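Participant: Sequence:
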Amino acid sequence: MAPRGARGGGRSGSHIGGRDAGYRNASQSHNNAESQPSSSIRGSNILEQVRSNPSKRKFIEVDSENEFTDQISMIRAITCILKTMFDGPWTSWKKVDKEHRDAMWEHFKGLYVWPEETDVLARKVWEDCMKKRFPDIMRRAHGESLKLAKAVNVNASLEEYWEKKIINEVWTISKWKRLSQSGKNNRNKLEDGFVSKHTGGSISIRQHKKRMQATLKRPPTGVELYARLHTKWSTQEYITPKATKVKAYESAMVAKFGDDTSCHPLLDNETWCDVSGGAKKGRIYGFGSVSDPARFLEGTSSIITSQEVVYERVRNEMRGEMDAKAAEIEGKRQQIREEMDAKVAAIDAKQQQIDAKYEAMEKMYAVLQNMMGN
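If you count the sequence shown from 1, you need to add 4 to reach the numbering used here.
Because the hints were derived from the structure by calculation, they are not lab data.
Computed from a predicted model, the values in this text were never measured in an experiment.
Among these hints, one or two may not hold up.
Stated by the list, open to error - Using C-beta positions, here's what the derived DEER-type ranges look like:
#, residue 1, residue 2, range
1, Arg-143, Glu-120, 33 to 39 Å
2, Lys-62, Ala-218, 17 to 23 Å
3, Met-326, Lys-236, 58 to 64 Å
4, Gln-373, Ala-353, 42 to 48 Å
5, Arg-323, Asp-359, 50 to 56 Å
6, Glu-110, Ser-266, 26 to 32 Å
7, Arg-143, Ala-330, 55 to 61 Å
8, Lys-236, Glu-110, 51 to 57 Å
9, Asn-320, Arg-341, 27 to 33 Å
10, Asp-91, Trp-237, 39 to 45 Å
11, Arg-341, Asp-132, 23 to 29 Å
12, Asp-296, Lys-236, 25 to 31 Å
13, Lys-60, Glu-121, 19 to 25 Å
Ideal Cβ placement from N, Cα and C applies to all residues, glycine included.
From just these sequences and the hints, can you work out the full model?
Facilitator: Written out as structure tokens, the structure is:
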């Protein structure tokens, strides 16, 4: 990756724990507030009524990070829809049939409105949210079932069905237990003698990036974002020894791009992989499910964006118009050819008539000459 020019906001100078002092001072109170438990109600599980008048629906969009604007509120609304409309023996989002998925989607569409050209993308983002929230809801229901030693259904109206289908036919079989234990072991797997973890909470890495960008008035660097997700809010210390490898990354970046950190790229994937141990299963350490952290930080998503959806729609419309014009022109050409062929045929027929009359006149003239000669 080629070095970048100097950015506004400034990133030169020393880093302490991967975060410059100015950013720490500006965001310390905000971070402390996020880390403290909230006494406010996190939202009702009562399903919000569909607004029949589209003008009463809340306007949302899909941003460049392929998330809804006000993503946290959207996740709460989606979770509420899932929990209150949960009425089947589903153990995963994949098991939810199309009819119920469409019903949930239609209810969501009755609450919010977005640009029509991004409808396909909005459905994809909604589906992704459902996929992520479903296992969390099931995990909590399973935990409560274990605590109470009885079935705790997501939807209380299906208690008997839930106990028969989910408890007896899914959670108690050896295959599910084996997969559950395997997942638990993977989550507790030691790396460099420590369990890999983060301090980002339930907020997605994309939301953390947005909040940092709002605070810094510029995109955060890879080191700044990584430090936010892997340091203790109170002490700014890294949570595991592996996390401190960021210092080796900073040294490697200086060696590669020079001492002026303002000319460094936001993140260099190659250098980061070298110091962190490389990518595993297509993911780079420290950045969750983001497959290309450098592009993610620069604000260019590897997934199709809403702007690209608009461009694709315009291209398709223009292509359709051009095809229609071409078909119209070809139709007119064919009509002209047929008219010309008809005229040529008429001229040929007329010429044949003239030739026949001329031939008949010549015969008559020959007959008259013979008669006069005799």
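Participant: Against each hint, give a clear statement of whether it holds in the structure.
Facilitator: How the hints compare with the structure:
As the Cβ distance of Arg-143 to Glu-120 is approximately 36 Å, the hint placing it in 33 to 39 Å holds. For Lys-62 and Ala-218, the Cβ-Cβ distance of about 21 Å falls inside the hinted range of 17 to 23 Å, so the restraint holds. As the Cβ distance of Met-326 to Lys-236 is approximately 60 Å, the hint placing it in 58 to 64 Å holds. One distance hint, 42 to 48 Å for the beta-carbon pair Gln-373 and Ala-353, is violated here, with the actual separation near 31 Å.
Judged by the Cβ atoms, the range 50 to 56 Å given for Arg-323 and Asp-359 holds: they are separated by roughly 53 Å. As the Cβ distance of Glu-110 to Ser-266 is approximately 50 Å, the hint placing it in 26 to 32 Å is violated. For the pair Arg-143 and Ala-330, the beta carbons lie near 57 Å from each other, so the given range of 55 to 61 Å is met. Against the hinted window of 51 to 57 Å, the Cβ-Cβ separation of Lys-236 and Glu-110 comes to about 44 Å, which falls outside the hint.
Here the CB-CB span from Asn-320 to Arg-341 is close to 31 Å, well matched to the stated 27 to 33 Å. Between Asp-91 and Trp-237 the C-beta distance comes to about 41 Å, which sits within the given range of 39 to 45 Å. Distance hint check for Arg-341 and Asp-132: the Cβ-Cβ separation is about 54 Å, which falls outside the suggested range of 23 to 29 Å. With their beta carbons about 28 Å apart, Asp-296 and Lys-236 fall inside the hinted range of 25 to 31 Å.
Checking the proposed 19 to 25 Å range against Lys-60 and Glu-121 shows it holds: the Cβ atoms sit about 22 Å from each other.
The structure fails to meet hints 4, 6, 8 and 11 from the earlier list, while all remaining hints are met.
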